[in-house]
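Add chain B to chain A, keeping to what the hints say.
If you read the protein sequences in the order shown, they are chains A and B.
In this text, residue positions in the first sequence follow my numbering: the first is 1, and each later residue adds one.
In this text, residue positions in the second sequence follow my numbering: the first is 1001, and each later residue adds one.
No wet-lab data here; the hints were simulated from the structure.
One thing to keep in mind: the hints can contain errors.
As the list claims (entries may be wrong) - Derived SDA-like pairs: lysine to any residue, alpha-carbon spacing no greater than 20 Å straight-line:
hint	chain 1	residue 1	chain 2	residue 2
1	B	Lys-1453	A	Glu-356
2	B	Lys-1438	B	His-1356
3	A	Lys-160	B	Lys-1453
4	A	Lys-159	B	Trp-1427
5	A	Lys-25	B	Leu-1448
So the chains spell out like this:
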Amino acid sequence: MEATILLGALLFPLGTALFLNSAGKYLKLNKITLISSLGLLGSFSGFSMMFVLLALNNFHSKNITYFNWIDSMGISFGLQWDGLVAIMTILITFLSLIIQLFSKPYMESDERVARFYVFFNFFVFSMLLLVMASNFLVLFIGWELVGLSSYLLISFWYKKKKAAQAGKKAFILNRVGDFGFLIGLMIIFDLFGSFEYDTIFSNIELLDSQQASMIAFFLMIGAFGKSAQLPLFSWLPDAMEGPTPASALIHAATMVTAGVFMLVRVAPILNKAPQILLLIATIGVLTSFFSAFIAMTQFDIKKILAYSTISQLGYMFLAVGCGAYVAAIFHLITHAFFKALLFLGAGAVIHEMHHEQDIRSMGGLIKKMPTTGFTMLVGTLAISGIPPLAGFWSKDEILGTAFISGGFYLSLWLLGLVTAVMTAFYMGRHWIYIFLGEGRTKDALNANQAPRLMKISLITLAIGSVFIGFINTPFFHGVEKMLEEVLINVEVTHSPTGTNFIILALISVFAGVLGLFISNIIFIQKIINPLKQLQEFPFIPKKIRTMLVKAFSQGSPIPSVLKNFFLSIKRLSFNGLYLDLYGKRFLVDGSKSFSRFMAVSIDQLLIDGSINNLAKIPIYIGKKMKPLQSGYIRSYLTVFGIMVLLLVFLFILSFGGLI
Amino acid sequence: MKLAILSGILAPVFFSFVLALLPKGRKELFFPIAAFGSTIPVATSLYLLIFGIFDGTYKNVFELPWIKLYGINWVVGYDGISLAMIFLTTILVPLSILSSSAILRRTKGFLISVLILEAAVIGVFTSADLLTFFLFFEAILVPMYFIIGIWGGKNRKYATIKFIIYTVFGSIFMFAATVLVGLLVLQQFGRLAFDFETVSNLVLSLDQQKILFLLFTFAFAVKVPIFPFHTWLPDAHVEAPTAGSILLAGVLLKLGAYGIIRISVPFFTDAFVEYRGYMATLGVIGIIYGAVVAIPQKDIKKLVAYSSVSHMGFIILGIASGTLIGMQGAVLQMLNHGITTGALFMLVGFLYDRKHTRDMTEFGGIKTVMPLYAAAFLVVSFASIGLPGLNGFVGEFMILIGSYSAYGIHSALAASGVVLAAIYMLWAYQKIFTGELKFESNESLVDLNLREKISIAPLILLMITIGIYPYLVEKFIQVDVLNLAKVVELTLGGLS
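In isolation and in its complexed conformation, chain B is listed as follows:
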């Protein structure tokens, strides 16, 4: 087990070193080695899936002391929710590498960045300790800085700086909060420690909880992103290269939601109960606002970026509801949204590789020349819209039903998201694919090649599988979310 999880982090790092050492002339080795290195963590997920124990308790797997005196250690563990996220990451990274054939200059550096990113992300999802969490959380920004800053679009410098500084600004509060927690641990237990187990045993007053909750959650709010802290997202997504966008939307956004579920809610439950109303409201605003602003976009990537804001709003609403069904829907949706939006950005990337434009008005009627691509795009669009039978529906549905009992009006308003999503996605589809071929220059567009088919197929397969049989995912995350919900319920009960 130890080896399984650690290899998830160490293997990509190891292979990034291998890549670094490869001579420049051997270009044909870069992608295969990177792909191989990124696929090893898939084994990690599978191992966890098969041999992991999901009984609702967080399992500590490994502790590596570092600076013992200050309680700075590397603590690793997992539970059902982490597994879902790890699985998502390990699926998306190899596929995003497959989709990056357009990166022709400084390819090695790009692949190394992606691998380090994978390691860091898995590091966050396996952290069982606040400082470890923080370290990996920040570590992600380094490869992202390079990925967007070097291999991004025209306006990449602005987008990168904005993204990094905005995120770091949030993280500062998290760091402050972590230090505070450490001091409180010192005060209550006589030693400095940051691991989840110790922290969960802290006795905190409501005011203390409130401060810590706000500090942590603000950092996560920037990451999710929660309205109105979302404006870094459109720029970052638009300027990032395909793999960057896939991983940014597919995985990095989930870090914020994961942080809330893993840290804010269980450790500062009283504060959570106090503030969840605001969270729910911001979530609903995000849903409607994100969708409304997505509608008039001409840039496909920007449209998908805003749709991500909308979808993450659902997740926030689900978490804020505090009900078992709502939170379970949220966790499920974290996985689903990663798959769906990852697939969308992948497809957009394919189009960009061909025509080097993301402007929808430059297409029109290309279903005639790229029928398979159009079909794939349609399937993924419907998954994003939340059509039953595909994965997006289940999570959204659970969130809506689950949050109704807690926040009826919010839930009813959020339901309008299903109409808005249909509007922006189908309109985009119509603009790009249907009608007569608008521009002769598009006649030479080629349909999906083998590599692209291999990249998108697993995602579509997952969408359909989870859509038809969601229990597959549910049984892993069920008990963990149940326990979380119980804690919330107890706190709620204590108040009334």
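Bound conformation, chain A alone:
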């Protein structure tokens, strides 16, 4: 019975997608949304039921095999059901339901709206397949199909060249990650002879540290491709070309978290490879830091959120790298809520602003769109880690664990802390630019409230962002309990408790508040003249203030040097550390020239050329031999005569015993 429920919950979205693909264009939007919602609702209820059963059974894992897939490799199609899967499936279906509701008013004017719902549901199916897999092959299939859905959704508005390019870029960079993932899979199969999680994890003792490190390294590459970490991250900001609901679901809440999920799944292997864990944590934090750095100067409402996602994912990888798998999943959950909220809020704004996405053209929208503004404030505070909102609990757990891990991890903690300040800063900036002050364009001045469905989605997610944090606090380890059996043989780094916790928590909160504070001064006060601000800054004695102002005023040599330095840092941030530019020049243009070289110089000229030259040889020989056939009797007779003489000569010689 459970097998059927699980299979049904998995297949509902697929069924909806297939149905809408053929029947969609004949149905009215209301019917389409209804069918789609029913499918997702069915899925969600199925998983909730199973979750309850699981909770009652103390989160005991189980897996179910359905049918034979590749016999000679012992691969079958199987699904797993445990605490981790339950968390993911419920999160995925719940969020997709909310986001899908939001999509109705957002996408209603689009002529291909039915197709949107098809891709949307197909994505949900693929993501569910990914998390429910009981072996690596089914995981990989879901993994790739999620990549496909992402491609289809990003390039949904295919007439826009940028959208089509962004979709292709996303798929290819994902594939580069998959290349690493595949090698990891090859090693796994070579060592274990199977892809089943059960078989592998129960025989984990057979792995020595070196083998585990190799596997972990390649799986890490796969995870980084999917979750947009350094250096495979530039597809995510570009992916914002897709419709905002898609961005909310895929590039905030679910698909990009697949990498984190996968690494938590293989925690037993990772724990045998401590150096790789350190590598994961380091790259995670660096990604987090640099993407936050880039986000600080962006002006596109969605791009800021995209870089923010990359940054928060970095936190999750930091957690994984510290062995704090519970913290990673916990942050995954909380982030899903407030990031989806932020994206949908941005979507509402974009919708009312007639698809304007530059935050400089907004302003004062809190008066025009109060619900949106308020919910987005909740989201902003949550992501900045302000208690008691969700983001505080999860982010703090991660930072706390990093601190406790000591050694090199301390520097990662520090970097993470600085990033938290930056996060609060740019998110505050984001919110302030959009909602405070006066509208800077006509659209902003004439904006209306968001449609009702959008508001409902936003409010639901806001409530979630407030309360979801309570499922795993130092007082109630909900997530930890759920993942207990999943991580049964895995040494999980525990977050600090008691006084340690309070101290570290205070530090993180301070970081968040600091970021918001700076952001507030600069932007609310609409800083045009930093010196004027400094003049009126209340906490520093007047004399020092005047001295500083004088030192930094025009005419003094110091300012221009500093100013230029500051400006170049700003430019570095705004241009995404020039990574994309160099990536394009070096990799894309470079490979284009290389392949052209191979095609023309090597294949055409060299290889084919040699064949053609070989072909010329018979022609050449033929040409040279042709004159012999002159048709001229006398020359024939001459040759004939010479040959006869030669034969006679040879004959005589043979008689003489010489030959």
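The following block gives chain B in isolation, referenced to the frame of chain A:
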């Protein structure tokens, strides 16, 4: 059983005669009769599927003595691997005939050529005898010569001659090897015979095996094609008419791989074990090289042609690995690649029928006017890229995993093929379909008509079915490949 298999060969021949006798004026009968004639072998496949016994042994079905004194007979048989190939052929030929509506002049001759081609190909796949194999192998070149040479593109004369001479050049070595084998049989068993059973009982020294292996495999290497003997392929594909390309890429290339699996590996296993490292290397080079050279192509057909080189590289790697999983992946991929690339060439043909150009730069944004075609193209592209859920993935995956244990570095390098394939296919898709409609002249392009839909649908259906449930194919070829792998393993064991 006898009738089932023989009808696969004789029916197309019979109907080609019927076609030949039809009066010129009755044009409307040509296609239906040809289609009918080419569909009868489908019954052959189905019969084999249902009633065939696949227990890992090669089943001899029929022997027709011809020149008894010289051991020249027509010996027919089958096993799971042949079935896969026969099935592929019988599916692709009728569909390629359906796609050939653009052949307006000398249609009769074209259809006759295609039918004879079908008969010859099935002849190769059902041969249980070296000489029969060789005869049918060569027989294929006659209809291909006409198909490309008469109904091909602008540069067809060059392409045809190159193709024929290059292939025949390889086949000469095969002929020499066949004669050698015959002499060895005479030496060891006192009579001249070429059938597989007798040949498999030959006792050969390593040196003898090496020579024979190289001779046979060189012929097959040209056909597959294995790098660097591939340069006939782009020209032949580009200049061939749609049906020609479909059958060339879909079926004829598999003849080479089939030859290696059927002859080179089982009969000269010691030599195979010696040389498979080189094979694997050439396979990997083919994968990467083919993909890299495909990227900058402007001609869609040339792009697909080079992608075929890349995909066949995977198959060669799989065979060279000598492992059960690797070789099974290779056989599976032979079937898959035929379906996928056949579908790609079919689709390209549809586009060419409309605009008479294969230059991708002349399109751009045509998804707006041909949405169904674009969707079909996208599905087939992803199958070619090896997206799970479609057929291309399973074979590729098995080859990679299977060859890792034998040739780890090769396998790891080959995996880069998945990235490269995504690059050239998606870039091509983008150039042709997405964006705003680039040229006003393309506004009048019509989407797929009924005939075209019927042609492409079975292939897409197969892609999805095999992608979702590959065991369907696996159970037929499994035991045969297992036995083959066992032989290799034994030999490998004997060495260490």
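Hint check results:
With a C-alpha separation of about 41 Å, the suggested pair Lys-1453 (chain B) and Glu-356 (chain A) falls outside the 20 Å cut-off, and the hint is violated. With a C-alpha separation of about 17 Å, the suggested pair Lys-1438 (chain B) and His-1356 (chain B) falls inside the 20 Å cut-off, and the hint holds. For the given pair, Lys-160 (chain A) sits about 28 Å from Lys-1453 (chain B) by alpha-carbon distance, which is inconsistent with the 20 Å threshold. At roughly 15 Å between alpha-carbon atoms, Lys-159 (chain A) and Trp-1427 (chain B) fall within 20 Å of each other, so this suggested pair holds.
Simply put, Lys-25 (chain A) and Leu-1448 (chain B) have alpha-carbon atoms about 18 Å apart, close enough for the 20 Å limit, and the pair holds.
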